Amino acid sequence: MSTPSATRRQLDIDRARELIELACRQGATAADLLSIDGDEFSVTYRSNEVEKLHGAHSRRLGLRVFVDGQVATGATSDTTPETLERLVSELVANARAMGSDECAGLPLATEIARDLPDLELADPHADSLDVAGRIDLARRAEEAALSADPRITNSDGSTFAFDASHRIYASSCGFAGEYPSTTFSLISQPLASADDQMQRDYYYTVARHLSDLEEPEAIGAEAARRAVRRLGATQPETGAVPVVFSPETASRLLGSLGSAVCGASLYNQASFLIDQIGEAIAASPVQIVDDPLENRGLGSRPFDGEGVATRRTAVVRDGHLQSYLLDCYSGRRLQLPTTGNCRRSTEGSPSAGPHQLRLLPGKLSPEEIIASVDDGLYLTSLIGHGANLVTGDFSQGAAGLWIRGGELAEPVEECTVAGTLQDIFRGIVSIGSDLESKRTVSAPTLKIAQLMVAGR
Amino acid sequence: MSDAQHALERTPERFFAQQFGFSDRMAGQALGRLLGGPIDDGDLYFEYRTNEGLQLDDGVVKEATRNVTQGVGVRANSEAKTGYAYSDDITIDSLRIASESARAIAATGPGGESVAVAPRAHTHDLYPIDTPTTDVPLAVKIRLLEEIDARARAVDPRIRKVVASVTTEHKVVLVARADGEVVGDVRPLTRFNVSCIAVDGDRREQGYAGAGGRLAFDGHADLAHLADLAQRAAGQAIRNLTAESAPAGTMDVVLGPGWPGILLHEAIGHGLEGDFNRKGTSAFSGRIGERVASPLCTVVDDGTLVGQRGSLNVDDEGTPTQQTVLIENGILRAYLQDRLNARLMGLPATGNGRRESYQDQPLPRMTNTFMLAGESDPGDILRSVKRGLFAQEFGGGQVDITNGKFVFSASEAFLIEDGKVTRPVKGATLIGNGPDVLTRVSMVGNDLELDLGVGTCGKEGQSVPVCVGLPTIRVDGLTVGGTQ
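Residue numbers (the working numbering), protein chains in the order written: chain A, 6 to 461; chain B, 167 to 650.
No lab work stands behind these hints: they were computed from the structure. Keep in mind the model is a prediction, meaning the values are calculated, not measured. Hints may be right or wrong, so weigh each one.
What the hints assert, rightly or not - Simulated pairs of lysine-lysine, DSSO-like, Cα-Cα distance not exceeding 30 Å: (1) B:K625 x B:K552; (2) A:K443 x B:K327; (3) B:K625 x A:K443; (4) B:K552 x B:K247; (5) A:K57 x B:K228; (6) B:K445 x B:K327; (7) A:K57 x A:K368; (8) A:K57 x B:K337; (9) B:K247 x B:K327; (10) A:K368 x B:K337; (11) B:K337 x B:K552.
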């Protein structure tokens, strides 16, 4: 299968600059533009055959215009000159209908990225794997999952996905930059069954470079192990116990904290971390950084969504909140400088967000942490939307394994864990050494001294 | 302009013909390339969508957004296999490449003859509109948002922050099917949102309300209706200021009418989608005809309700929508089907084949899912509970369709003590087991309500608008994820 219209670029930096000039001629006092061209491919291998094969080329252009403090944004996939000219004039007219916001505007000249680092975000050998080779990776993962254990009886399939994109950003304050990136991923989702119970779990690998993917056999086998260990799960008793968060579930916790330190949550008064700079918001060994400069990082970027240089930001140091994550707009609302955290898609308005948030690893292995719990929950799965960032209240559906005498015992499900994010982060008593790079927001195994588990 | 001319203006065939040179011949040739040999089914899905958004942030009208999206998705099915390709260009050339790519899933040779193509009329007209909602002047929308903002602030001086927004969508789709039928649809979608922050000393709480549907814009311009929305959001934030910690453990729960119907969506609806059941990966697989709910429960999915957020004249495969009885007096009756899974299971398609956009393959999805009203008085239902939880507003939910465990999170809840609704408690996640939770429904109220038009359902990365509905019900023994 060939990818439709492969690698046909819609526009280059020169054309991007022309469009910005056009907006300014039509009355915009400032403007910026983001263009993303991408090739996507995915294949799902289920049981013993290919189930889905998807391929496409997509392109999208987002434009933002300012008329002093008035702003409008628009996006289109139709990049013919007539459409773009009409879009520009519509946006200028729309901006003029807006209220004036003195905080709106592009970065200062001094904030703009100068030297763009090469973060190796694109694999130069991305094309070395043809379609047959891609299908083969999915097949190998699927076969490994299905043959791992006799209790693996069914599957949601194993999927290999590849996307390559090229991003161009230009603005009227003089910045123009571009970079390509690639992402490869392989996920396996087998089902296990025994005694009228079915359980599903998954395991995956994802990387910027093909050679950094884990072996398909390892993915399938680990996914199967996770599905099988859920078999026989029952509802635990209600009670307050120590809870060990796996890297998957610990990363969900960190994600909530990451949202609460971002610009919009703060100026919207919708964060439990308002006015907490300098305060102890987590246990003293907790270090949290946002690092968009990691080589080959999934959340790495050479410049942010408004052309500001990206940088490593210490968010929490020794348990104390050091910095919020801000773009230019939220920075002005809070009278603070941008931290280079503008996140932007082609649609709608940009806003501040973490690039690559890490709760830094400690020294203990996950096994050592589990061994330190006499009676508690090893939490492997969280479902639902029960984190309230305004108050910090946290209540989520949970599943995992009970820990008895320092060892993983029977699986549990149909329970919840609840507390407040404040108490959870202050209650971190152990930090694992097992930080993974396959998530843009990632934390290692964490042990919380005590949380309420609701069940029977 | 006469009604007939209006009808003509909004014909999707005509729109794509004028905008992109779509013709029956173009579709027939592309279908010919796609089909033939081992290919059992396939379609072309043309889409042109305009989205507009506007936000009022503390009284300042911020940033209008206007996004235009266009493209065509091409699909080929052979037995259980799907090949899918899409293009942002709607041209003969891009259709040819996409058709050949999609076909490559199952066949190496070239496709068959050109397919004879003919338009088909709708059986429904559930959301007639004259003016696309995206064309309503900004000034009109701004005035409505200002009204919401003022009403919310008037509720209580402790309301410190109000964000009101409106999003509108105008979507024109055209499906060319393997049988040569071409069917289109023009779909409006509007949604108002209000979010409030209330502050009292160190305590900070939020409230949220939203409303919308597939209605002409005037359908929402009713000021009394918007005032009610502002009152709901602000009132919720204020009530939450005094909420105490929620209880933890298993107890009797009364769910209020309307949006708490998200229970059905998570606990029942997803598990009845055809794909999971064909593959045997759902906790409901193979259980048609079995009792999965108390005899008080009849649950339907109905895409044919006028103006509702989940309604569709035809689904995204061109199948007319219908009412499907999922559970009748407690007995499991039917699954929700798209064409692929219906064909493979030997069952009729139910008009539930939906996709987020031309970039996505259709999947069996819900439309408007609700429980029919029962006979109990809602007050009697509350009075029947000695000690329990009354939950009337919820955030989102999620389900693991394989083990059946589902959650949904209350955003406003109260304790019931000796049959009386007493103190407000903090939001908490409720967790249960899908195939079992409705067997513990012991009372069903006579007050069925649909939600106000805020539901969005996610599956395999695709989001589609849906609606849920519920009368007041009592569920005996549901696990409540509080802290006390």
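> Do the alpha carbons of K57 of chain A and K228 of chain B lie within 30 Å of each other, as the hint requires?
Replying inline: Between K57 of chain A and K228 of chain B the Cα gap is close to 42 Å, so the pair fails against 30 Å, i.e. violated.
* Does K327 of chain B lie within 30 Å of K445 of chain B when you go C-alpha to C-alpha? -> 48 Å, violated
**Request:** Given the hint that K247 of chain B pairs with K327 of chain B, test it: the Cα-Cα distance must not exceed 30 Å.
**Result:** Measuring from Cα to Cα gives roughly 51 Å; hence the hint is violated.
Keeping to a limit of 30 Å between CA atoms, is the pair of K443 of chain A and K327 of chain B held or broken?
37 Å, violated
K625 of chain B and K443 of chain A: Cα distance at most 30 Å? Measuring from Cα to Cα gives roughly 22 Å; hence the hint holds.
query = If you draw a straight line from the CA of K368 of chain A to the CA of K337 of chain B, is it 30 Å or shorter?
reply = 54 Å, violated
Just to be careful, I want the Cα atoms of K552 of chain B and K247 of chain B compared with a cutoff of 30 Å; is the pair within it? 54 Å, violated
Check: Regarding the pair K57 of chain A and K337 of chain B, is the alpha-carbon distance no greater than 30 Å?
Finding: The hint holds at about 27 Å.
(Q) Check whether the Cα positions of K625 of chain B and K552 of chain B lie no farther apart than 30 Å. (A) 38 Å, violated
Next on the checklist: K57 of chain A and K368 of chain A were given as a pair; does the straight-line alpha-carbon distance stay at or below 30 Å?
Outcome noted: Violated - the C-alpha atoms of K368 of chain A and K57 of chain A are around 43 Å apart, more than 30 Å.
Is K337 of chain B close enough to K552 of chain B, meaning Cα to Cα at most 30 Å? With a Cα-Cα distance of about 50 Å, the restraint between K337 of chain B and K552 of chain B is violated, given a limit of 30 Å.
Hints 1, 2, 4, 5, 6, 7, 9, 10, 11 from the list above are not met by this structure, while the remaining hints are.
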